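So you can see what is in the structure, the chains are spelled out below.
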Amino acid sequence: MGRALLVGRLAARDLRRRPAEAALLLLAIMAATTTLTLGLVLHGVTSEPYQSTREATAGPDVVAGADDRADLDALIRAPGVTGHSGPYPVIGAIVGAHGRRAEAEALGRDAAPTSIDQPKVVQGSWVRAGGVVVEAAFAEALSVGAGDAVTLDGRSFRVAGVAVTAATAPYPKVEPCLVSCLSDLGIVWVTRADARRLASPDESPGYVVNLKLADPAEAQAFDARLNHPPAPVGASWHDISEQAAELTANERRALLTGGWVLGLLAVASVAVLVGGRMADQTRRVGLLKAVGGTPRLVAAVLLAEYVVVALLAAAAGLTVGVLAAPLLPDPSVGLVGRAGAPPLTISTVGLVTGVALAVAAAATFVPAVRAARVSTVLALADTARAPQRTAWLIGLSARLPIPLLLGLRLAARRPRRFVLATASIAITASGVVAALAAHADLLDGSSALDPARADRLNQVLLVMTITLVALAAVNALFITWAMALDARRSSALTRALGATPRQVTAGLSAAQVLPALAGAILGIPGGIQLIAVADPDSTTTLPPLWQLIAVVPATVLVVAVLTAIPASISARRPVAEILQSELA
Amino acid sequence: MSDVTNTFVLQARGLRMDYGQGEGLVRALDGVDLQVPAGETLAVMGPSGCGKSTLLHLLGGLERPSEGEVWLQGRRIDQLSEKTLAGLRRHTIGFVFQAFHLMDELTAVENIELPALLAGRSPRAARRRATELLEQVGLTERATHLPSALSGGQRQRVAIARALGNDPLVVLADEPTGNLDSAATLDVLRLLDSLRSAGQTLVVVTHDARIAATADRLISMRDGAFVEATRLTRGSSVPLGELTQLER
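From first to last, the protein sequence lines stand for chains R and X. The numbering of the first sequence is numbering that gives the first Met the number 0, which starts it at 0 and goes up by one. The numbering of the second sequence is numbering that gives the first Met the number 0, which starts it at 0 and goes up by one.
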């Protein structure tokens with residue numbers, strides 16, 4: 000008990016001793032856990048929502064439609080058909096809601112559930128007399144929900160519910176087109192009686208039937224035999240699945256690519272975080288050993304410290320991730336397995352917490368091993384890892400103004416950190432350029448997307464870009480902080496030799512601006528390449544040249560402003576105190 | 000301050016320096032007065048923790064006193080901005096540290112030229128001056144060596160050359176032989192003696208009697224205050240070889 004208390008006290012004391020660093024540490028792990036939470040949600044979006052819908056609604060293998068009901072009755076008895084629902088009457092109707100009007104097919108259904116194609120109600124209830132159920136994607140496009148008033152061909156109805164189905168692709172792609180083949184055609188379900196009332200005296204309804212086959216894999220072959228006029232027209236579940244996938248392909252591609260890019264940035268965050276803390280722990284390890292602490296005690300103190308921060312970061316990351324997920328526009332509306340309401344499952348909580356604890360363990364492992372290996376005297380002397388020398392850069396820097404001289408030399412001391420900072424910015428700039436290109440593609444007019452989907456894709460791109468930039472900003476702050484810690488002795492010495500705090504601040508910032516410049520320049524071809532990888536089937540539309548060029552100064556400016564904060568704090572620490580701490 | 004004149008390069012009046020507060024308050028300096036005329040080599044001796052290094056930091060503008068005044072060449076400096084103090088350190092003060100504090104990634108000549116570059120000299124002029132100083136400290140052949148490839152004495156000689164880079168008015172040396180063996184100490188003693196002979200104003204804090212013996216004046220410190228001041232007859236009259244035999 001006494002030992003645990005000692006470990007707890009030492010850990011708490013160290014966290015309190017440097018609250019700003021503890022907060023940054025929390026922020027970095029939180030960025031990683033938030034990203035991971037969002038990633039898990041995105042995974043749900045991209046994992047075949049049509050299949051989930053098909054299972055949840057007992058989706059048919061083939062949907063067939065005909066003007067003459069007798070044609071469908073014959074189809075029900077065809078070889079290989081093992082079950083059916085319908086035929087149901089279907090009639091073309093104009094749906095009006097909130098002042099908008101849209102073309103739709105109204106399907107007459109029974110109030111009782113069926114064993115094949117029973118649309119899954121996601122809001123409200125199933126059809127009733129005077130109550131219409133609207134397909135989920137169509138409902139979103141019309142901005143209607145359960146309880147709202149709508150009109151069908153001028154007749155008033157109340158929205159009884161909102162449902163998803165696997166018997167057709169979500170709005171606006173309706174497959175099969177049974178009555179009308181308009182490009183934007185919604186689906187609503189009404190009772191059979193209401194469907195008959197909707198039909199005008201001179202218009203007879205069409206009919207649709209849902210079929211189950213003995214071998215669902217034969218659905219396409221079955222459908223191919225159907226589609227010979229004047230026989231019934233139909234669509235296999237394969238066709239509908241393809242239509243559904245095509246409908247959300249762009250958004251899913253953007254989310255998936257963004258998820259990967261975010262994941263890479265999170266890895267960079269963690270690498271910087273661990274590296275930064277290592278630079279700060281050497282002397283502390285020496286102090287603990289000097290007062291009789293064993294490597295095990297040192298490891299326990301460090302672990303306790305990191306575990307507290309990691310658990311807080313995991314909780315915060317899960318909360319922010321779950322709260323932020325609904326902000327991601329949902330590409331799979333109209334299908335089951337949407338991103339809008341991610342469940343906080345035990346596995347998600349476990350995985351996110353596990354990753355946070357793994358970061359804590361990794362951050363403990365290196366100093367613990369170092370504690371076991373490094374002599375107490377050396378650790379107390381805070382012997383820093385020897386910086387690397389790049390002679391030509393040192394020679395070049397002598398010809399530059401003081402801030403650039405200091406910045407270039409600082410950057411050259413740690414080439415790996417320079418590469419990490421460059422990679423972090425290059426990844427972000429690539430994401431931004433890819434988003435700009437996708438946006439340009441939408442504005443270009445060559446896109447086949449309808450305005451609603453284009454708007455949704457734009458929202459996806461905006462959210463992913465904001466998330467990317469936010470995570471990159473955290474990275475930039477952390478890299479600067481790690482560099483400031485590592486360079487505290489040389490910065491203090493430079494000030495003792497006559498550099499002003501402003502020059503040192505500018506130097507630390509410049510050390511970040513240089514990789515930012517390199518990263519931004521690399522990000523332009525990187526972004527173009529990213530689009531090519533994400534969407535190999537289409538030709539890449541480049542954003543306007545001014546946007547591409549603006550990425551570079553904008554990145555440099557943002558990084559300069561961001562890094563000025565930790566650089567300024569570091570450059571104002573007392574010179575004498577730092578130089579004295581270097582004495583053995 | 001009417002009684003502060005320009006005849007002294009460096010002056011301190013009533014210097015007090017406190018660290019911490021309340022029950023944890025530590026008084027590192029307690030009412031120190033000091034006057035250093037141009038060309039004098041002043042040695043400040045005392046046991047560890049007596050406030051020697053703190054005094055040096057205050058005189059060089061690396062720290063601000065809790066109370067009292069510091070004057071450099073007739074100008075009060077303890078209230079100057081950090082930027083102005085940096086300018087003073089760049090042009091007027093040279094520092095020598097016990098731990099050398101050389102940049103590990105820079106060669107000897109690059110370390111020495113750094114203050115000149117910070118002062119805005121051209122790279123060519125800075126390199127020329129650094130080469131002269133390397134010759135002065137007898138390390139011409141070590142110009143392109145990194146600090147890790149130099150002995151302790153050589154490192155301190157590079158540090159001294161760096162302190163002289165901008166022809167400072169005063170050199171402040173903090174335990175310059177504290178990390179050196181006897182042979183290296185002798186090298187540094189010779190160098191400091193040559194600086195004294197050249198008329199360089201020097202303030203050296205040390206607990207090494209051999210260094211103190213080369214000074215014009217010796218001040219002893221204890222518990223943050225001066226306890227004794229002695230004007231030495233002629234430090235350099237004692238052969239340096241004999242000085243190295245003195246007990247610390």
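In short, the hints are calculated from the structure, not lab data. Check each hint, because a few of them may be wrong.
[Claimed, not checked] One-sided and incomplete, this derived list gives chain X residues near chain R with beta-carbon spacing under 8 Å: (1) Leu24; (2) Glu62; (3) Ser65; (4) His100; (5) Glu104; (6) Pro122.
Everything numeric in this text was worked out from a predicted model, so none of it was measured. Every residue, glycine too, gets a C-beta built ideally from N, C-alpha and C.
Taking the hints in turn, this is what the structure says about them:
1. Leu24: 17 Å, violated
2. Glu62: It holds, given that the least Cβ distance between Glu62/X and chain R is near 5 Å, below 8 Å.
3. Ser65: At 14 Å from the nearest chain R Cβ, Ser65/X fails the 8 Å test, so the hint is violated.
4. His100: 5 Å, holds
5. Glu104: Since the shortest Cβ distance to chain R is 4 Å, the answer is holds.
6. Pro122: 4 Å, holds
In this structure, the earlier hints numbered 1, 3 are contradicted, and the remaining ones agree with it.
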